[in-house]
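Protein chains: 2
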Amino acid sequence: MIVQNKIAVGIDIGGTNTVLGLVDQHGNILFRDLVKTTDFPDPQNFISVISERIKSLLNSGDLQLEGIGIGAPNGNYFNGTIEFAPNLKWKGIVPLVNIFKEHFDVPVFLTNDANAAAMGEKIYGGAKEMKDFIFITLGTGVGSGIVTNGQLVYGHDGFAGEIGHVIVDFNGRPCGCGRKGCLETYCSAGGIVTTMNELIQQEGIEGKEWTSKSIYEAAMKGDTLAIHTFEITGEILGKALANSVAYTSPEAIFLFGGLAQAGELIFEPTKQFLEDNLLEIYKGKVKLLSSSLPEADAAILGASALVW
Amino acid sequence: MIVQNKIAVGIDIGGTNTVLGLVDQHGNILFRDLVKTTDFPDPQNFISVISERIKSLLNSGDLQLEGIGIGAPNGNYFNGTIEFAPNLKWKGIVPLVNIFKEHFDVPVFLTNDANAAAMGEKIYGGAKEMKDFIFITLGTGVGSGIVTNGQLVYGHDGFAGEIGHVIVDFNGRPCGCGRKGCLETYCSAGGIVTTMNELIQQEGIEGKEWTSKSIYEAAMKGDTLAIHTFEITGEILGKALANSVAYTSPEAIFLFGGLAQAGELIFEPTKQFLEDNLLEIYKGKVKLLSSSLPEADAAILGASALVW
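Chain order of the listed sequences is A and B.
Going by the numbering used here, the first sequence wraps up at 319, each residue one higher than the last.
Going by the numbering used here, the second sequence wraps up at 319, each residue one higher than the last.
Warning: the hint list may mix true and false statements.
Copies of one chain are not kept apart here, so a pair can be met inside one copy or by any two copies together.
[Claimed, not checked] Restricting the straight-line Cα-Cα distance to at most 30 Å, the calculated cross-link-like pairs of lysine-lysine (DSSO-like) are:
| hint | residue 1 | residue 2 |
| --- | --- | --- |
| 1 | K142 | K298 |
| 2 | K100 | K112 |
| 3 | K100 | K296 |
| 4 | K294 | K100 |
| 5 | K296 | K47 |
| 6 | K296 | K112 |
| 7 | K102 | K294 |
| 8 | K296 | K102 |
| 9 | K298 | K250 |
| 10 | K298 | K102 |
| 11 | K100 | K66 |
| 12 | K250 | K296 |
| 13 | K17 | K66 |
| 14 | K142 | K296 |
| 15 | K250 | K224 |
| 16 | K250 | K294 |
| 17 | K282 | K191 |
| 18 | K282 | K250 |
| 19 | K191 | K250 |
Hints are computed from structural coordinates only; laboratory data are not their basis.
Next up, chain A with everything else stripped away, as it sits in the complex (with noise of 0.2 Å):
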């Protein structure tokens, strides 16, 4: 009798590429591809692309297929559909899993990326034996996956979690949504951007263009702006987190993306923020950590772990 090794596919939708792996139980990548997004104006075209290469990778080894995970941006758990994604060619309402139940006779599971990277911590990563946490995205955008009784909270249409959509400032920077002060105007990539720019404004230095990548390699050289940065944009994320933990009361909340590569620089003043805004029940019980996902393969990783 030959054993087959049980195997996930991960496929994670961005806005410019898409890539897959297959991924065994343990959390190892087997074989990986990736497909340009922008080159398939056409759902079914793209699904019928990604299907046969997920068909001659499976090919390539003894693998048993139990089910497909994608992480797509505004992706429905409930309806298996992406629903008016603005950064995808994809308009309107797009039924991606019927469309891949055509190519496969196994589950196919659909959530945002933020919620697949939640899965992927728990099942893989450092929240293997936790019930409830809280994971945040900070990259591009700021997004989250909100983990209660053991379980992703979907809500009732699917797109509970969009912390990074929490007004923190009524009357805020404005968002990309169409509202002002979400957090992610302030802890995304761009968001430090800006506040960097607000800094050097007032204190009327003369401009250059930076990135969030210049500010940490400014703020690691010792830049008091660009220290600062990091010290107002911790201060705006722990205060936000310190009300997260009053809906959910976490055990951890995860730091995963650009941002928290940043290490001390940005934990440092999150981790005191959020503790002194904390409302004294929780004081001391709430750990910040950062992600185990390895930065390049979450996406894939998070995928598959709703097969699981």
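Knowing the structure of chain A, use the given hints to seat chain B on it.
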């Protein structure tokens, strides 16, 4: 064969009074009783007296006791303890469930009063068919219970769902919790009195002693400052609830308690500011509803609902 009525005991422990009732599966309260909490400096003695009362009520009918549910300030579901409740004479950690189990051989459940009321809404009230909703109590304090995936969210430590202590203004009013600007400082009975007094002071009008009830009565008679007080309260509540939706994306938010009984005076502005401040994907999806639990019996019903 005699068919016995299945019964849950619901106990609501308050700072002044403790009420209890025998409740059937349809939410009918068959018998009630009341004990003054303040008469008992010792919780052991308190529970002995309560237990005797329950046993004599049970003897009044052909009743089969299925379990006991208790709502209490700072009640911890996981530990079965009341922990450091500021409004009770019993200091420190009281192992309430264990003491009850010395008197009864049935399951005993404990949680805080707002969580219990949320379960009351789910088992007997307007949330029967709902898997995702938020229940807000607007009274002396502001409490909440959050239900996701059909389950009450207890969080890692059993203390989740403190929306009354979400900070809406970090430089705002001092709160009893030691911090500043908690939702409770604006949307509790005391909060609206403070708002009314602030408006009166701004206008330079001679003050009088207001209560939440007299503000309601003034508003109903057309007093513009009293009406404006409700508008301000609804704006703060509506904006806070718009942020709440970004966490758990509920089907409905239920308002309960004294302030909720002000009807359109509070519902109209709250609904408007909730809807106006929702992230696009949530707009038009979230119902703002009045709790269907009868004010006088909600505490007993909620506590008993923990049993079913």
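Status of each hint after checking the structure:
In the homo-oligomer, the alpha carbons of K142 and K298 lie at most 30 Å apart both inside one protomer (14 Å) and across protomers (29 Å), since each shortest distance falls under that limit. When the C-alpha separation of K100 and K112 is checked against a cutoff of 30 Å, the pair qualifies only within one copy, where the shortest distance is 22 Å, while the shortest distance between copies is 61 Å. In this assembly of identical chains, K100 and K296 lie within 30 Å of each other by CA distance solely across copies; the values are 26 Å between and 44 Å within a copy. Only between protomers do K294 and K100 lie at most 30 Å apart by alpha-carbon distance; the minimum there is 23 Å, versus 45 Å within a single protomer.
For the identical chains of this complex, K296 and K47 are neighbours neither inside a copy (43 Å) nor across copies (34 Å), given an alpha-carbon limit of 30 Å. With identical chains, the CA atoms of K296 and K112 are at most 30 Å apart between copies only, with a shortest distance of 29 Å across copies and 44 Å within one. Taking identical chains as interchangeable, the C-alpha atoms of K102 and K294 lie at most 30 Å apart only when they sit on different chains, with a minimum of 19 Å there against 45 Å within one chain. Taking the shortest alpha-carbon separations for K296 and K102, only the inter-copy value of 21 Å comes in at or below 30 Å, while the best intra-copy value is 44 Å.
In this homomeric assembly, K298 and K250 come within 30 Å of each other (Cα to Cα) both inside a single copy, at 15 Å, and across copies, at 28 Å. Taking the shortest alpha-carbon separations for K298 and K102, only the inter-copy value of 28 Å comes in at or below 30 Å, while the best intra-copy value is 40 Å. Taking identical chains as interchangeable, the C-alpha atoms of K100 and K66 lie at most 30 Å apart only when both belong to the same chain, with a minimum of 25 Å there against 68 Å between chains. For the identical chains of this complex, K250 and K296 are neighbours both inside a copy (16 Å) and across copies (28 Å), given an alpha-carbon limit of 30 Å.
In this assembly of identical chains, the alpha carbons of K17 and K66 lie at most 30 Å apart only when taken from the same copy (15 Å versus 57 Å across copies). In the homo-oligomer, the alpha carbons of K142 and K296 lie at most 30 Å apart both inside one protomer (14 Å) and across protomers (28 Å), since each shortest distance falls under that limit. In this homomeric assembly, K250 and K224 come within 30 Å of each other (Cα to Cα) only inside a single copy, at 24 Å, whereas the closest approach across copies is 34 Å. Taking identical chains as interchangeable, the C-alpha atoms of K250 and K294 lie at most 30 Å apart whether they share a chain (13 Å) or sit on different chains (26 Å).
Proximity of K282 and K191 under a CA criterion of 30 Å is satisfied in both settings, with 25 Å inside one chain copy and 19 Å between copies. Proximity of K282 to K250 under the C-alpha cut-off of 30 Å is found in both arrangements, the shortest distances being 9 Å within a copy and 26 Å between copies. Proximity of K191 and K250 under a CA criterion of 30 Å is satisfied in both settings, with 17 Å inside one chain copy and 12 Å between copies.
Against the hints set out earlier in the document, a violation occurs for number 5 only.
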